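Enquirer: Given next are the chains, with one letter for each unit.
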Amino acid sequence: MMRVVKTIKIDVDKCNGCRSCEVICSAFHAADKYGTTNPARARIRVIREPLLDIFVPVFAGDFAPAECAGRNQYIIDGKVHDECAFCRASCPSRDVFKEPDSGLPLKCDMCEDDPPLDEPLCVKWCENDALIYEQREEEAEEAAELEEMEIGLESLVGKHGLQPVIDAIARMSTK
Amino acid sequence: MRYAETGINLEIDLSRGGIERVETDPRDTELYLGGLGTNAKILWDRVPPEVEAFSPDNLLIFSAGLLCGTPAIGCNRTIVTTISPQTLLMAFSMMGGFWAPELKYAGYDKVILRGKSPDLVYLWIHNDKVEIRDAAHLKGKGAIETAELIRQELNEPKAQVSAIGLAGENRVYFASIEQGRSSASRGGIGAVMGDKGVKAIAVRGTGDINIARPAEFIGLCDEVMDYIKFRKENPIPGVIPILSVLGSPQEMAIHDERWHTENFTWGNARTRRKGFWTEEVEKEWTETLDNARTRMISCYNCPLQCGATISMPGFPTYMMKCFSKLTYTMAAMSNLNFGLRIAQRATEYGVDAYSAPQVMAFALELYEAGILTDDDLPGLPDGNEERFFWLLDRIVRREGIGDVLANGTYWAAKAIGKGADAYAHNTIKKHEQLPLKLGMLNPVYFLMYSTGEKINITQIQGQFPQAPFPEREHREAFVKDWFQVPDDRFKQYFLDWEPRGDFSNPYYPTVEMCCDIVEWHEQMHYIDDALGMCTGLSSFHLKAPYHVHNFPKFISAGAGLDTDEAKLKQAAKRYRTLVRAINVGRGMRRKDEKPPEDHWKHRFPELEKELLDAYYRFKGWNDEGIPTTESLHELGLDYVSEEFIRRGILNGREAAPSREALVEQASQ
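Taken in sequence, the protein lines are chains P and A.
Take 1 as the starting number for the first sequence in the numbering used here and just add one per residue.
Take 1 as the starting number for the second sequence in the numbering used here and just add one per residue.
These are calculated hints, taken from the structure and not from any lab test.
Hints may contain errors.
[To be verified] Derived, one-sided and incomplete: chain A residues facing chain P with beta-carbon distance under 8 angstroms: (1) Gly69; (2) Asn210; (3) Arg295; (4) Pro313; (5) Thr317; (6) Met319.
[Unchecked claim] Pair by pair, the computed Cβ-Cβ distance ranges are: (7) P/Gly103 - A/Pro26: 31 to 41 angstroms; (8) A/His474 - P/Glu134: 41 to 51 angstroms; (9) A/Ala467 - P/Asp13: 35 to 45 angstroms; (10) A/Asp488 - P/Gly103: 29 to 39 angstroms; (11) P/Asp13 - A/Asp375: 53 to 63 angstroms; (12) P/His160 - A/Glu30: 55 to 65 angstroms; (13) A/Glu233 - P/Asp32: 29 to 39 angstroms; (14) A/Glu233 - P/Asp114: 23 to 33 angstroms; (15) P/His160 - A/Gly17: 29 to 39 angstroms; (16) A/Asp134 - P/Ala140: 55 to 65 angstroms; (17) A/Lys139 - P/His160: 34 to 44 angstroms.
Computed from a predicted model, the values in this text were never measured in an experiment.
Where a beta carbon is used, it is the ideal one built from N, C-alpha and C, also for glycine.
Chain P extracted, bound-state conformation:
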């Protein structure tokens, strides 16, 4: 089976640090489309340290219900970056990619819209081509379609771990 893979390639050498990507992302995803602007709600953010020549756009990946087993930290050109600085996940270890009010996770949807957009809006608004949209087809293994109940169980496992769920079901079955 073929599936469509969408990516935003990031050419950090071309980023001018203007944060237009944050602006348009937050506006598009406002509850009333374009009705508010607030970069803190954006699903992309620019790590910007002009004097150290660090300009790195990072767009939000999947929600991670739990922290990683180990943190990652980068030192580039002598600059010690924050722990997990370049990670795309919204996770419990930090307040990045979370709605400022509710704390709910934010995830890039490649600007899902009806009718579909030609490219995500952050890419469109990046006049200096630091963000480059790519869409390609990839061979994918046919995944067995999950039943509705399985989807529910999977999320419970994701949240609590497999063993507690098995234990809970075992407890329930003895009642």
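Guided by the hints, dock chain A onto chain P, whose structure is given.
Expert: Here is chain A on its own, set in the frame of chain P:
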């Protein structure tokens, strides 16, 4: 619900440590828009003419423009307004960068500082949490250094910081406020910040800014973006590089400096160096810039890259913009390598890059003339470049002669005496101007120089070309897609304008046309300054993406104001007049409205008088440049005329002559 603006100003009483959130009147937004417009209203209401720059009663207002924080591309400017210690008039310098949008997201349109803090402090504004914090440990630190230290101690890498350096702390009359890659430099507003005991204002905001009609507004933004792309692919042919493309003059990008180095004057605004720009110089300067420049950078939400990070060997990295690239170089008769090095120190000290180099060149000219002696300059180094570094260090510390020079050329000449005022030859309204000394009087520029209250020519020139194009064919091609003009008659003015002959400067454009063109330029700048729009996408440029026709739509869809071109022009006229009223109250009169004597070699006193007379009438001002009772009434500014009558500035009986009377007068 308020749109585009937050509707809240933050009032800080530094003397008492008071912090107050004050809801603003939406009617003021209708009348004065925001940014400069509402700043002027506040200054008129609360800072009477008796209040001096360094009085605790003077206000220092940091305002975001009306559309800052919306997706309007390039709309990111902070308008700082106060009374200038140097000009003694209203100062309204502004800066791009990232500060104004952050203030909006924190929930405020303006921060209004009053009183004086007994100790050096900084403000930390984080959404609803606002603190006045001790800054004793930041005393004497550089402006950029301060911003980094504050971000670190707050552990807020995303906080935006406006800060002063040593020059502001020591109340140097041309001290700037630095922020990111930008600065609000003119008029000595950094000195007022230092006088108030405020080292910096740090802001972080995570709230929403509302748009009145979202789909329409984003459509307008898309149009602007498309036009920016079009202009990138289609630079205007036949004009110098910085005028052919958009953006704050692309000084960080371009290498060809023939025009500036051969047409602007060197030293203390004295020497023109025709033939300076040789292949050898070009090669050397290109190498210098290429080696120094790490990256081209931008302000908030703007694709243009008008700034750059600059690293010179032995100096910390800093961010440079625009023409500060050449001002130190040319004042010192040196090279770009020197200019980029001293600009680093000057940026940390926080001084205006127009005034500071001129003040130093002025001092060295006085030394050569024997007016300043070795007794005045003990320890002055022998080398030229060393002398500039030496003088800069003394000025920002107000040490010895530096204490005198720190007040700018006008006041320094007065203090020094012995004929020094002949050397302070390049000021308007006591403020240093660009080092331009030209041949033939340009009537449009004569009016802009004379009557501009930003007191800085680069902030006034605009969308009408600076000089005629030699070939009519070229002019015809230029006007073809020139939709930015307020009216088609401007195309005709330009088509007929010739470099030589009957239709050339100084008698063409005619007096009436000059008034028309200057009005257009000025209006665009005043609109930008209320909205927070960068002049580099608007008023400064030929064929800009923002113009008189789309601004009303942006304001209406963004802020929800019921406006159109006529109403917008009326609002701009209203607060422009209010700026004049503030300055008239402070004693500004016709005698103050003149370019430096030596600005042009060929002067035309009769024509100049006629230009000024006509322009004053055109604006509804009397012969002294004071708005008349009648024109104030038309703008709903009766409160100004009442005050002027009370103070004896107006007698209440004068009326602005009608258009018909003007035509009649012109034909006589």
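Enquirer: 23 to 33 angstroms was suggested as the range; check whether the CB atoms of A/Glu233 and P/Asp114 agree with it.
Expert: holds (32 angstroms)
Enquirer: Using the C-beta atoms of P/Asp13 and A/Asp375, is the stated range 53 to 63 angstroms upheld?
Expert: At 55 angstroms between Cβs, range holds.
Enquirer: Would the hint on A/Met319 be counted as holding, given a Cβ-Cβ threshold of 8 angstroms to chain P?
Expert: holds (6 angstroms)
Enquirer: A closest beta-carbon separation below 8 angstroms is what the hint needs, so does A/Asn210 meet it against chain P?
Expert: holds (6 angstroms)
Enquirer: In this structure, is the beta-carbon distance linking A/Lys139 and P/His160 contained in 34 to 44 angstroms?
Expert: violated (55 angstroms)
Enquirer: Does the hinted range 35 to 45 angstroms hold for A/Ala467 and P/Asp13 at CB?
Expert: At roughly 38 angstroms between Cβ atoms, P/Asp13 and A/Ala467 fall inside 35 to 45 angstroms, so the hint holds.
Enquirer: The hint says 31 to 41 angstroms between P/Gly103 and A/Pro26; measuring C-beta to C-beta, is that right?
Expert: Hint holds: Cβ distance 33 angstroms, inside 31 to 41 angstroms.
Enquirer: Could you say whether the range 55 to 65 angstroms given as a hint is met by the Cβ separation of P/His160 and A/Glu30?
Expert: This hint holds: roughly 57 angstroms between Cβ atoms.
Enquirer: Starting from the range 41 to 51 angstroms, see whether the pair A/His474 and P/Glu134 falls in it by beta-carbon distance.
Expert: Given about 43 angstroms between the Cβ atoms, the range holds.
Enquirer: Measuring from beta carbon to beta carbon, are A/Asp488 and P/Gly103 in 29 to 39 angstroms?
Expert: Given a distance of about 57 angstroms, which is not inside 29 to 39 angstroms, the answer is violated.
Enquirer: Next item in the hint list is A/Thr317. Is there a CB on chain P closer than 8 angstroms to its CB?
Expert: Given a least distance of 5 angstroms, the restraint on A/Thr317 holds.
Enquirer: Holds or violated: is there a CB of chain P closer than 8 angstroms to the CB of A/Gly69?
Expert: Nearest chain P Cβ about 6 angstroms off; hint holds.
Hint check: violations occur at hints 4, 10, 15, 17; the rest are consistent with the structure.
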